[in-house]
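Novice: Take a look at the letters that make up each chain.
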Amino acid sequence: MKAKIYITLKNGIHDPQGRAVQQSLNMLGFDAVQDVRMGKFLEVDFQDTEKESAESSIKNMCQKLLANTVIEDFRYEIVET
Amino acid sequence: MKAKIYITLKNGIHDPQGRAVQQSLNMLGFDAVQDVRMGKFLEVDFQDTEKESAESSIKNMCQKLLANTVIEDFRYEIVET
Amino acid sequence: MTQDTAALPPLNISPELIQQHGLSEEEYQQILKHLGREPNLTELGVFSVMWSEHCSYKSSRVHLKRFPTEGPQVVQGPGENAGAVDIGDGLAAVFKMESHNHPSFIEPFQGAATGVGGILRDIFTMGARPIALLNSLRFGELDSSQNQHLLKGVVSGISWYGNCIGVPTIGGEITFNDIYSKNPLVNVFCLGIVKKDCLLRGLAKGEGNQVLYIGAKTGRDGIHGATMASGSFDDASEKKRPNVQVGDPFLEKLLLEACLEFLEQDLLVGIQDMGAAGLTSSSCEMASRSGTGIELDVAKVPRREPNMTPYEILLSESQERMLLVAQPGKEEAVLGVCRKWGIDAAVVGKVTDDGLLRIREGDQIVAEIPANAIAEGAPRYERPSAPPQYQELLQALNLDMLPDVKDATDALLQLLGSPTISSKRWVYRQYDYMVGTNTVVCPGSDAGVVRLKGTGKALAITTDGNSRYCLLHPYMGGGLAVAEAARNVVCSGAKPVGVTDCLNFGNPERPDIMWQFIMAIEGIADACRAFDVPVVSGNVSLYNETNGLSIYPTPIIGMVGLIEREDHITTQWFKQSGDIILLIGETREDIGGTEYLKVLHSREQGMPPWLDVEREQAVHHCVLTLIQKGWVESAHDCSEGGLLVTLAECCLTHPSTPLGAKITLSQERLRFDALLFGESPSRIVITIKEDNFTQVKQCIQDMGSKVPMSVLGQVTDTNQLTVTVQGEHSQNVRHMSWPVTELADRWHNSLEQQLGIDQSS
Amino acid sequence: MGKKRHDPLNIGIIVFPGSNCDRDCAHVVSEVMGHAAHLIWHQERTVQGMDAIILPGGFSYGDYLRTGSIARFSPIMEAILEFSNQGGLVLGICNGFQILLEAGFLPGAMLRNTDLSFICEDTYVRVENAATPFTHTCKPGQILKLPIAHAEGNYYADPVTLSALQATAQIVFRYCDKDGHATTTSNPNGSIDNIAGIRNAQGNVLGIMPHPERCAEEIFRNQNGHLIFESMLISLLGKTSLAV
Ligand SMILES: Nc1ncnc2c1ncn2[C@@H]1O[C@H](COP(=O)(O)OP(=O)(O)O)[C@@H](O)[C@H]1O
Ligand SMILES: [Mg+2]
Numbered sequence: 001m002k003a004k005i006y007i008t009l010k011n012g013i014h015d016p017q018g019r020a021v022q023q024s025l026n027m028l029g030f031d032a033v034q035d036v037r038m039g040k041f042l043e044v045d046f047q048d049t050e051k052e053s054a055e056s057s058i059k060n061m062c063q064k065l066l067a068n069t070v071i072e073d074f075r076y077e078i079v080e081t
Numbered sequence: 001m002k003a004k005i006y007i008t009l010k011n012g013i014h015d016p017q018g019r020a021v022q023q024s025l026n027m028l029g030f031d032a033v034q035d036v037r038m039g040k041f042l043e044v045d046f047q048d049t050e051k052e053s054a055e056s057s058i059k060n061m062c063q064k065l066l067a068n069t070v071i072e073d074f075r076y077e078i079v080e081t
Numbered sequence: 001m002t003q004d005t006a007a008l009p010p011l012n013i014s015p016e017l018i019q020q021h022g023l024s025e026e027e028y029q030q031i032l033k034h035l036g037r038e039p040n041l042t043e044l045g046v047f048s049v050m051w052s053e054h055c056s057y058k059s060s061r062v063h064l065k066r067f068p069t070e071g072p073q074v075v076q077g078p079g080e081n082a083g084a085v086d087i088g089d090g091l092a093a094v095f096k097m098e099s100h101n102h103p104s105f106i107e108p109f110q111g112a113a114t115g116v117g118g119i120l121r122d123i124f125t126m127g128a129r130p131i132a133l134l135n136s137l138r139f140g141e142l143d144s145s146q147n148q149h150l151l152k153g154v155v156s157g158i159s160w161y162g163n164c165i166g167v168p169t170i171g172g173e174i175t176f177n178d179i180y181s182k183n184p185l186v187n188v189f190c191l192g193i194v195k196k197d198c199l200l201r202g203l204a205k206g207e208g209n210q211v212l213y214i215g216a217k218t219g220r221d222g223i224h225g226a227t228m229a230s231g232s233f234d235d236a237s238e239k240k241r242p243n244v245q246v247g248d249p250f251l252e253k254l255l256l257e258a259c260l261e262f263l264e265q266d267l268l269v270g271i272q273d274m275g276a277a278g279l280t281s282s283s284c285e286m287a288s289r290s291g292t293g294i295e296l297d298v299a300k301v302p303r304r305e306p307n308m309t310p311y312e313i314l315l316s317e318s319q320e321r322m323l324l325v326a327q328p329g330k331e332e333a334v335l336g337v338c339r340k341w342g343i344d345a346a347v348v349g350k351v352t353d354d355g356l357l358r359i360r361e362g363d364q365i366v367a368e369i370p371a372n373a374i375a376e377g378a379p380r381y382e383r384p385s386a387p388p389q390y391q392e393l394l395q396a397l398n399l400d401m402l403p404d405v406k407d408a409t410d411a412l413l414q415l416l417g418s419p420t421i422s423s424k425r426w427v428y429r430q431y432d433y434m435v436g437t438n439t440v441v442c443p444g445s446d447a448g449v450v451r452l453k454g455t456g457k458a459l460a461i462t463t464d465g466n467s468r469y470c471l472l473h474p475y476m477g478g479g480l481a482v483a484e485a486a487r488n489v490v491c492s493g494a495k496p497v498g499v500t501d502c503l504n505f506g507n508p509e510r511p512d513i514m515w516q517f518i519m520a521i522e523g524i525a526d527a528c529r530a531f532d533v534p535v536v537s538g539n540v541s542l543y544n545e546t547n548g549l550s551i552y553p554t555p556i557i558g559m560v561g562l563i564e565r566e567d568h569i570t571t572q573w574f575k576q577s578g579d580i581i582l583l584i585g586e587t588r589e590d591i592g593g594t595e596y597l598k599v600l601h602s603r604e605q606g607m608p609p610w611l612d613v614e615r616e617q618a619v620h621h622c623v624l625t626l627i628q629k630g631w632v633e634s635a636h637d638c639s640e641g642g643l644l645v646t647l648a649e650c651c652l653t654h655p656s657t658p659l660g661a662k663i664t665l666s667q668e669r670l671r672f673d674a675l676l677f678g679e680s681p682s683r684i685v686i687t688i689k690e691d692n693f694t695q696v697k698q699c700i701q702d703m704g705s706k707v708p709m710s711v712l713g714q715v716t717d718t719n720q721l722t723v724t725v726q727g728e729h730s731q732n733v734r735h736m737s738w739p740v741t742e743l744a745d746r747w748h749n750s751l752e753q754q755l756g757i758d759q760s761s
Numbered sequence: 001m002g003k004k005r006h007d008p009l010n011i012g013i014i015v016f017p018g019s020n021c022d023r024d025c026a027h028v029v030s031e032v033m034g035h036a037a038h039l040i041w042h043q044e045r046t047v048q049g050m051d052a053i054i055l056p057g058g059f060s061y062g063d064y065l066r067t068g069s070i071a072r073f074s075p076i077m078e079a080i081l082e083f084s085n086q087g088g089l090v091l092g093i094c095n096g097f098q099i100l101l102e103a104g105f106l107p108g109a110m111l112r113n114t115d116l117s118f119i120c121e122d123t124y125v126r127v128e129n130a131a132t133p134f135t136h137t138c139k140p141g142q143i144l145k146l147p148i149a150h151a152e153g154n155y156y157a158d159p160v161t162l163s164a165l166q167a168t169a170q171i172v173f174r175y176c177d178k179d180g181h182a183t184t185t186s187n188p189n190g191s192i193d194n195i196a197g198i199r200n201a202q203g204n205v206l207g208i209m210p211h212p213e214r215c216a217e218e219i220f221r222n223q224n225g226h227l228i229f230e231s232m233l234i235s236l237l238g239k240t241s242l243a244v
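Protein chains in written order, with the numbering used here: chain A, 1 to 81; chain B, 1 to 81; chain C, 1 to 761; chain D, 1 to 244.
Rather than coming from a laboratory, the hints here were simulated on the basis of the structure. Given the structure is predicted, the values throughout are model-derived calculations rather than measurements. Some hints could be false.
Mimicking EDC-like on lysine to aspartate or glutamate, the simulated pairs with C-alpha atoms at most 16 Å apart in a straight line are [what the hints assert, rightly or not]:
| hint | chain 1 | residue 1 | chain 2 | residue 2 |
| --- | --- | --- | --- | --- |
| 1 | C | K453 | D | E31 |
| 2 | C | K598 | C | D404 |
| 3 | A | K10 | B | E43 |
| 4 | C | K424 | D | E121 |
| 5 | C | K205 | C | E295 |
| 6 | A | K59 | B | D31 |
| 7 | A | K40 | B | E43 |
| 8 | B | K40 | A | E72 |
| 9 | C | K457 | D | E218 |
| 10 | C | K706 | C | E586 |
| 11 | A | K4 | A | E43 |
| 12 | B | K64 | A | D31 |
| 13 | C | K340 | D | E44 |
| 14 | C | K453 | D | D7 |
| 15 | B | K40 | B | D73 |
| 16 | C | K453 | D | E217 |
| 17 | C | K152 | D | D115 |
| 18 | B | K4 | A | D35 |
| 19 | C | K453 | C | D567 |
| 20 | A | K64 | B | D31 |
| 21 | A | K4 | B | D35 |
One chain only, chain A, in its complex shape (with noise of 0.2 Å):
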């Protein structure tokens, strides 16, 4: 199985990569742009074979390393392959 993990910053917590990527598109003229924020996103490759104990899984693993949970935020996926 596949995990696509998705990890953000939190609301309200600065992002001054996201600044610096924003003004810079500006700078390129792509004038329209108003906010960007910068995330990481991880493929887990895994052998699961229940979709249930894969989850747990992966929650757990965001929450004890993928994610430093005071700071960011994390979303996932899970995909049979």
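Given the coordinates of chain A, assemble chains B, C and D with the ligands onto it according to the supplied hints.
Specialist: Same frame as chain A, but now just chains B, C and D with the ligands:
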């Protein structure tokens, strides 16, 4: 409108970050994990009325700035907000 | 002055609300007196942050007066963003140290990073270009993965911020002890250089001058817990916000360059960084120092988030922001510089002559407080202090019950492998310690050394502190920290010229902690007086406790020394075989509080080594004189681990070719472990060329009996450190020997091994 | 246009927002080498009057998206392109190298160091091509000690590009050990084929990860970096004196 952009390393390019994450997941007891690929996830808010022109400008942003197509692939979705 | 107070609707201030703002009932009464009325919520918030321990120094202020702060070299003593000393050539060195302990525990990477950002701003707001960073870190032992995580996060946070902004991290220190597991310490030191007569200060002089805000937009970062607790306030905000600030070193680099450009064009009257308590503290302090008032319109403050209240704008601790004061007519030029560097900037107010901090939101006045009531008028406490019951127990160490070391060969290896002693290369390899092309002694010697381009001079900088000594005897511990820092600076060829400090202690409301605090300050003050170095800046961090357990008293000393000529720069490692190894100073029976006692006997007990300041000073004078005469090839002080560890380090720390040594010690009446691993202060191991021996000996003799000197042996080009110890009776001789490569392997790799990092590269 | 031998050369050093080795390079050019260093703000549109251009190290735009990715769009880059098209010498150091890659002056891209951390330490590199304007005072195969300081110096090129680089002597420096062996253990960051520096096909643009400006003076007890500045300046003087 909002675009969600996913930037990943091209297939075949060694991903040290992904490998490090995989190893630490294994070490934490997530033995089922076989591979991890790490990428970027950007959320871009922009004002554009037509989906089509939005598409082309997002593609443009990716090629010009957001992804380095020597080593990275990109993918995006446009969501009307 | 009697503004329309109808615009300041009094709030129903409940005792709970006061308590949530961390104010005591008595403090609230003082607020009423200062205002002559009840505060509104915004005003209460302002008092709350400004009268917090962190901003007001209310428990420490009276005691800090003990420090000597004057001297012919002092250009700026305590009280400004940073202190400054004259280093000749029309230049001043500006430096300070600051803690970021609690934020680093919550989020090690960002906490440490923003700590670096904060101290850098303190330096460049003085108009100085930062040229060196150092850090002092304390963590719990590395057998816990949580502690490993904290260490890795803190180091990479420091690395990220410092590297990105391009200021080299040239040194520091790290000690491990489980007392810090739930309360790690992150103290960051920064030094910058400015032309002496161009020093900028945090002043808001001149009625009618413009007040400008520059830097990052204000968000709801780090607003005091009080905000969250107040129900009426939560409505506008979404979920509970994390109290974490995120650093932006790129923006800070732009701010740094812009500030130096303001200075070059002489655009400013005053400048202050927005640290803790952000806009509030910067404006109050500037006005209070200048005896003026400031009027601000929060509606003009650049904001990152919608619907921010005046309370939030005033109390936000968003990073990378500064407040400037410029004469009317110059604000356009200031804004122009900001445009060039792509920095947000706005005129947000003006200097007034009424001594009030007046906050508007558009036409409406939302707060009005006498500026010096908040700053100078903050409460001061002389909190009760008393030595703890347990102090005698801690100091008791019956040496008769302590078996002397049996296997000294193994003991040395164990000590070299203790992460407190072992190489910190894994750490400083992540820091760009060379950017700026001034670093002439990189991390790995007693002090970092930066040259001053165009002057032929250099500065030696170190941070030191031994909290175990302080626990066992706070007065002695304070003095020993100063002595060690000075010794490290002297070993590098420098004369100490100034001190900054960071005082990390537990809960000051406990008399035993307060006693530690007061005693340590006295120890530091007396030592500084004896060595004739002024304290020009510093920082206090109290309430370092978790679940009622306080950290060891941990004062850290940052010391700056001036090297008059580049050829005086000295490093700690042996240089060539054949050189004579001398010990300047004397070994006594100092086992209490040593690293040896902790590592080999699992005890943190006893009396720490006794500091004789006169002896210490004489040793410094001796070594510095020999260095300046050009006779010293290497100099390394004895600190944690004692004489044997020092000798091993001299052998193995050479950056390319480790050397061996043949040593003979005489035991006299000492215990064997005291001789090898005791931590008597005031000792420096130097090497000299054989040909210079007679002159050196003569020179030392001329200095009188205060400077004991003994010949320890000779540097060799073998791979062996050999030590022969002559006992009291001539038949009693012991031989020990180690391959230097084995010592080096243990010392170099121990930290990485404990962190579980594979060192195949 | 003729220049006399003793006229100081004009070296332009580009300052991007976030550059932080700009002043270090200027110090070497002016104080150590005795030529004129000009700091050029990235918003400028011309490099007229410059004899060579240096893109210094640092963290342009914080390297927040990818190293060098935003800086390459600075207005000055067009002028530099034109300058290099006319054969002008362009030296990119560390972040400068990364910018040259992003801007397409040089092929390939940078990935994160394999151990994922920032590395600041001395490395050894072998001069693979001593016939460039930046290395001709070195001996072929000479081993130089040069410090690195980067988190993304893991050079990557696809197989076709790599063979082209190899075939046309565009690889100018390889990481090696003290004795000159380009081994895996002497490769600090995982760079493909131990690459530490490459030149373009014409030979007038060099990108190098280590910092020669950090070891060009006696006080550092290592002056290997001096060779690179010296080579560059001598080739410029040679060219202009030919033109006289
Ligand atoms: N946190 C750190 N950051 C940078 N350098 C460090 C750090 N900790 C230790 N070092 C460096 O490692 C060397 C040894 O440190 P230490 O044992 O504390 O020296 P000393 O006992 O002489 O004060 C010094 O050069 C010091 O600057
Ligand atoms: Mg020392």
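Novice: Hint by hint, say whether it matches the structure.
Specialist: Hint by hint, here is what the structure shows:
no.: 1; hint: C:K453 - D:E31; verdict: 10 Å, holds
no.: 2; hint: C:K598 - C:D404; verdict: 14 Å, holds
no.: 3; hint: A:K10 - B:E43; verdict: 13 Å, holds
no.: 4; hint: C:K424 - D:E121; verdict: 13 Å, holds
no.: 5; hint: C:K205 - C:E295; verdict: 13 Å, holds
no.: 6; hint: A:K59 - B:D31; verdict: 15 Å, holds
no.: 7; hint: A:K40 - B:E43; verdict: 11 Å, holds
no.: 8; hint: B:K40 - A:E72; verdict: 14 Å, holds
no.: 9; hint: C:K457 - D:E218; verdict: 15 Å, holds
no.: 10; hint: C:K706 - C:E586; verdict: 10 Å, holds
no.: 11; hint: A:K4 - A:E43; verdict: 5 Å, holds
no.: 12; hint: B:K64 - A:D31; verdict: 15 Å, holds
no.: 13; hint: C:K340 - D:E44; verdict: 12 Å, holds
no.: 14; hint: C:K453 - D:D7; verdict: 25 Å, violated
no.: 15; hint: B:K40 - B:D73; verdict: 11 Å, holds
no.: 16; hint: C:K453 - D:E217; verdict: 12 Å, holds
no.: 17; hint: C:K152 - D:D115; verdict: 13 Å, holds
no.: 18; hint: B:K4 - A:D35; verdict: 12 Å, holds
no.: 19; hint: C:K453 - C:D567; verdict: 14 Å, holds
no.: 20; hint: A:K64 - B:D31; verdict: 15 Å, holds
no.: 21; hint: A:K4 - B:D35; verdict: 12 Å, holds
Violated hint for the displayed structure: number 14, the only one.
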